[in-house]
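Protein chains: 6
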Amino acid sequence: MLDDSYRQRMHVLTEALPYIRQWQGKTVVVKYGGAAMDDPELRNSVAKDLALLHYVGIRVVVVHGGGPQVTDMMSRLGLEAKFVGGLRVTDEATMEVAQMVLVGLVNKELVSLIQKHGGKAVGLSGKDAGLIRATKLEHAAGDLGRVGDIVAVDTSVIDVLTDAGYVVVVSTIGIGEGGESYNINADTAAGAVATALRAEKLIVLSDIPGLLEDVSDETTLISQLTPSQAQELIAAGKVSKGMIPKLQSCLLAIEGGVPRAHMIDGRLPHSMLIELFTDAGIGTMLTVGE
Amino acid sequence: MLDDSYRQRMHVLTEALPYIRQWQGKTVVVKYGGAAMDDPELRNSVAKDLALLHYVGIRVVVVHGGGPQVTDMMSRLGLEAKFVGGLRVTDEATMEVAQMVLVGLVNKELVSLIQKHGGKAVGLSGKDAGLIRATKLEHAAGDLGRVGDIVAVDTSVIDVLTDAGYVVVVSTIGIGEGGESYNINADTAAGAVATALRAEKLIVLSDIPGLLEDVSDETTLISQLTPSQAQELIAAGKVSKGMIPKLQSCLLAIEGGVPRAHMIDGRLPHSMLIELFTDAGIGTMLTVGE
Amino acid sequence: MLDDSYRQRMHVLTEALPYIRQWQGKTVVVKYGGAAMDDPELRNSVAKDLALLHYVGIRVVVVHGGGPQVTDMMSRLGLEAKFVGGLRVTDEATMEVAQMVLVGLVNKELVSLIQKHGGKAVGLSGKDAGLIRATKLEHAAGDLGRVGDIVAVDTSVIDVLTDAGYVVVVSTIGIGEGGESYNINADTAAGAVATALRAEKLIVLSDIPGLLEDVSDETTLISQLTPSQAQELIAAGKVSKGMIPKLQSCLLAIEGGVPRAHMIDGRLPHSMLIELFTDAGIGTMLTVGE
Amino acid sequence: MLDDSYRQRMHVLTEALPYIRQWQGKTVVVKYGGAAMDDPELRNSVAKDLALLHYVGIRVVVVHGGGPQVTDMMSRLGLEAKFVGGLRVTDEATMEVAQMVLVGLVNKELVSLIQKHGGKAVGLSGKDAGLIRATKLEHAAGDLGRVGDIVAVDTSVIDVLTDAGYVVVVSTIGIGEGGESYNINADTAAGAVATALRAEKLIVLSDIPGLLEDVSDETTLISQLTPSQAQELIAAGKVSKGMIPKLQSCLLAIEGGVPRAHMIDGRLPHSMLIELFTDAGIGTMLTVGE
Amino acid sequence: MLDDSYRQRMHVLTEALPYIRQWQGKTVVVKYGGAAMDDPELRNSVAKDLALLHYVGIRVVVVHGGGPQVTDMMSRLGLEAKFVGGLRVTDEATMEVAQMVLVGLVNKELVSLIQKHGGKAVGLSGKDAGLIRATKLEHAAGDLGRVGDIVAVDTSVIDVLTDAGYVVVVSTIGIGEGGESYNINADTAAGAVATALRAEKLIVLSDIPGLLEDVSDETTLISQLTPSQAQELIAAGKVSKGMIPKLQSCLLAIEGGVPRAHMIDGRLPHSMLIELFTDAGIGTMLTVGE
Amino acid sequence: MLDDSYRQRMHVLTEALPYIRQWQGKTVVVKYGGAAMDDPELRNSVAKDLALLHYVGIRVVVVHGGGPQVTDMMSRLGLEAKFVGGLRVTDEATMEVAQMVLVGLVNKELVSLIQKHGGKAVGLSGKDAGLIRATKLEHAAGDLGRVGDIVAVDTSVIDVLTDAGYVVVVSTIGIGEGGESYNINADTAAGAVATALRAEKLIVLSDIPGLLEDVSDETTLISQLTPSQAQELIAAGKVSKGMIPKLQSCLLAIEGGVPRAHMIDGRLPHSMLIELFTDAGIGTMLTVGE
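Chains as they are written, first to last, in the numbering used here: chain B, 1489 to 1778; chain C, 1489 to 1778; chain G, 1489 to 1778; chain W, 1489 to 1778; chain E, 1489 to 1778; chain U, 1489 to 1778.
The hints are simulated quantities; they were obtained by calculation from the structure and are not laboratory data. There could be a bad hint or two in this list.
If several chains are the same, the list does not tell them apart, and a pair holds so long as it fits within one copy or across any two.
Claimed, not checked - Below 25 Å or equal to it, Euclidean Cα-Cα: the simulated PhoX-like pairs (lysine-lysine) are:
id, residue 1, residue 2
1, K1624, K1608
2, K1608, K1514
3, K1570, K1729
4, K1604, K1570
5, K1624, K1570
Based on the provided sequences and hints, a complete structural model is requested.
In structure tokens:
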């Protein structure tokens, strides 16, 4: 009597509803960047997911990057992009470009897109309301200019806005003691913001399925691991270079008291929904061993 | 890259989430009876659905019948069940049996079952807090004894309990001016309770797929109709005898201001979820023409 | 200048008003049963008192028994009532009868009667909202069937209803882990409910004036005693068999932190008012020695 | 089985409790003066009643006079008291004496006495928080000095204090536009304050049982009358000179929307309790004919 | 381009605004007496300041004296004023005069004056709501009659009134256990009230610029000192007799936890504004060494 | 006895305090641009004023321009700035530059500066939370590209942030139906935002003292005028070209219900404080004739 479509819906719904309830009123921080930001279709699908999470009562906070967009504008202005150890060397001119591109363009495009899907969104930089206080990063490789080290995260303004029902989108420009700007790594900022918000979950979107036992074989996905297992993997050189900052972001959050942190594949449409609302989940979950 | 199971989940979730949000905090009245109450497996599935609706923030109020159980206890006590025009002739002895079976047994079993699936439920009769005030029904066919006509529905106690997060289960025993009991038809009571609660939706579970163009052919389902179309169908003799009180219940609710009333197939597991959370819906919806 | 009637009113009022204030907003649990339940006139007078207490702002919770009514229905259904050590042997059939008679009939009659006197009342069983969680009682005398031992009392639903201004009437059917029913002794339940509610007072209605020094002489009433004095009385065989569960109920409440517990004569009309609102009081009060 | 004392208590309590509930949270204004103020025992009994009313949740506001005390202090200061048409001619020196005696002595003694009986009381003059705004009374008989006519009553400060659980005691000194003091008739002030507070009841204590058909015969008490009947009585010369201002105060309140105003015998101890909490009541009630 | 008047306003405003914010919602207790009370122009200026402080959101509580006014009324009544060690010997007749003059006249004049400048004010005695509980002062010099020693300060009624936006003016008449009155030194009362209110500041108006190194030379003002420095000054005889009670009042407040207490010159118009809203301040500040 | 400095402070404070109270909790919209934005010292002084207004409890909303900064960045990117009728022709490339400069740089610099002076500030664009909804401006002079016409202002997010104690700084980028950006004239936006917020006052900072009778003579300042007088001035050609959009902004606000709108000289340090907190005020006030 029941056709397949009925059975599937029935199955997915009875599975999903308890999760939906579980996440209502909880805070989820999403680190957004990579392929999911570069591809217009994925950008659309991520924005829709953020709006849907917001719809069902989750407090959604997005922390975004935007390196390629900054580099592109620099080249239009005749400035050269330099990197040391994965960090952008940030002189005054670079700082100005990074701030205006991330805060003025990337942030607002995401805000627009979430609103197109029915969410209400507000974009902030780390300078607004002293959200991300920073100081100059001391780096072994020498002077990186305005690359910042996070000193404190004051989430008051995020609390006010999520209480009032807004998705909050954060550009990771920090503010120094004298009011000057700092360029903050977005993965690091996401971990720090999740910690400061006492988030229930951090989701880091990346360009691979998750951590892999064998980096060359996507079928060797590690579904779940503890912080110490993660440290061992890094030590054993089993984490790809690109994934190390993602994993560090998750470790930072877990150490800060966030119960679960996930690295999931931003290239799969609606991967956040699958992670949050199905038994199977997706990607790699970092959590303190239970 | 995406397997079928992923696609199905993704599809059902993106379809369902906006509905879930739409129903949060809204009141849905469910008329429960028939096959869905007689079959233990369906009973379990209905109770699970009620718990799940409650989970995602819907204010759920159940109005139940229980004719077969009353008749069974009457026969154990050597009393004979008589019906006139579909209504049970209710002398004092019958009234006492109906009240103790519905309020003392059927109601509490449903309360238990909802709690088994994680809901919090409270059972009430129409006598508690003067919920259903009634008077003796005047009937063309003569004296039906303690069969009651609803005079007023005071939903204060339901509001208090749903505000506090309980599913409310109502046995349809009315209270007269002198405190005496009345036997109230459950379909009628469901319509009146939905109206008094200003519910967003009334769902009447029945034993067929809905209203049919051709009563002998289940493929001729009428998905949606207006009150006047419904009256025409009745006049044309196109509504089966068993469905008439269901349809009357829905008409009562619509006339009382409930925006939508549904007759759905209680024999299908989880049919309430399909009705509430999918684009397709199920069964027959009565609504004022838009 | 002042006639007698004026003097009496003046005297009773100046005496009563401070007590009335003292009890406003406080919780009083009343164990109701015995002659006060069997006699229609007393039933009416008790219901009026409960409504009056409710009127002046006391949070009133009634825990009722109903053994004779259960036994009567059992005999109508051809079932035989058996007792071991004062407890009803409760096979499945007996359990069903007890539940439907207590919850479906006795409880609702009391609810009706309180409402007739202007109170607003809601009847609950111990199954509603998981109010009385129970497990099978292990008894020295062997298997008593569904006689239950209280595991926990969750008064949330009572709090919600008394906050909203309802008198709550509780039938002492407990709920087991699997949702099954248990038959709970009403005296025991009253003590446990008073404790869980942190009630200010437990009043147990009985069929004698209170505890007596000499059980054959009603003029030897003991007005007040401590728990240890009560234990001595029991040990000395000075407490009549029928009063032992009443006294145990009071002891349970006092040990649970209820400041005062009273055994008063339910055969005297309005004895609750005299106990609560006059200097003299009535019956026997159990309290920790001050 | 029931002795007389039990029966009386039972009777008075069942009669009184519904009244007590009815008056909870309501505002009662008491005009206090005359014999009840001069006799120390009656003073004590009135203060006890005010504390008891306050106890059971009535919002009690007392408006007091004190003519004899003012006259006494004037004579100690070598000033002569003069009256025109029942009003005290109030030159500057008299005004100063009236204010310091009423506000500084009479008011505070009543505050102390209410507190001695367990109430919490705050004394105010009409100057505090601009409670009674007044202007010079124009009088046919010529210049009466600082005798005031009420312009407006701003009860904000009374509301704040009764909300916070205080009995409020008001001395009837008014405040003029320039901040100067006015001597206000206490009967008039009581009616105006009752009106401004939208009180449920005004009780004027006097030195006779109430209005009498035959002023020389206390058995001809008029229990109830309407404003127009009252006007007729005055016109017919059937109201004694001393009672006219009392009756005018009641008329003022009734016209201002206070549902009931009473003149009761302040010489009877606890007459306020008898009026408020018994079926029979006492004295004369003025009310719009129902 | 900027004229002098513009520059001055600009300067004073940029200096004052941060102080104004700092004091919003804070409690300041002002001890009012001396020249500032005797001179009509200063009285007006003080009342205006109190109204202005109230305007910008400060919770203002005034504790006033009034010795000269009491002495004057005593002489009009043929009573002789006697003092021992700076305290007024207070027999029953004197007590009555002190209470009626302070509560009935002085307090109400200040209330009127504050209201004339747009504030809302309520006058209280220490008897109202049991504000200042006192007992008979035991004094080395013998029986001083009704001179009181403060037992407790219950600020509930002040909290209620300042929460509701009133300036509170307190006459220092205390209430004994039996309801009797006590004459309380106003300087002492001010320190005790400031302590009980957990005030942010106590300002004592006096008739000299503050504490002086050399009492005969007003240019030797001590701007700030600690409690122990103050004790040394007293021991060294460097504090004038009239200033000792002022200093004691400040010491009492500081020891009670008030962060800052000031003795300022009440003879200078608007000296309270200068103290509160300018960098320079005025007078002598007592504070725990930072 | 009083030196000049004391007198000046006393005078300015007694003048300013009533204004300060009057403005507490009120909303003031400031249009910021011109010389006050270009000169670093004035920028600092404006930011300090905004922080001070915020300090004393005013809800401060700043709407800023930034044309010179946009033009400068355009030239660095090799883009040419074109204007038609005072409006910037805004092709896609220009729109991108305007958005990133105004939102990413100018807005955040002002946010930083306000915070440096102790305020808490949040910067928004008109795209955040759908604050400024716009459509393409139809202009007589032809296609101006992405120059926008305001359709609606939804101030919900501003209300949330000012309720929570933040200064809000708005960049005037509007959002179209499809989520696209529009370049909105800042003077127009300021008037529309003031209207939508039901502000008490709009202050437009300009580079002259206000409206002048004779544009070549700054001593002919018009202190106050009505909307119709303003329209006459425009018609008479007596308003300089640069002042017309300022005046239009004020007219828009007044017509929208804002009681007072001011054009004041942004070149004078702290001119906002002088306008708000002194009797004299400054500049030209537009208000409906009283």
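- prompt: In ascending order, which of the hints set out earlier in this document are inconsistent with the structure?
  reply: 4
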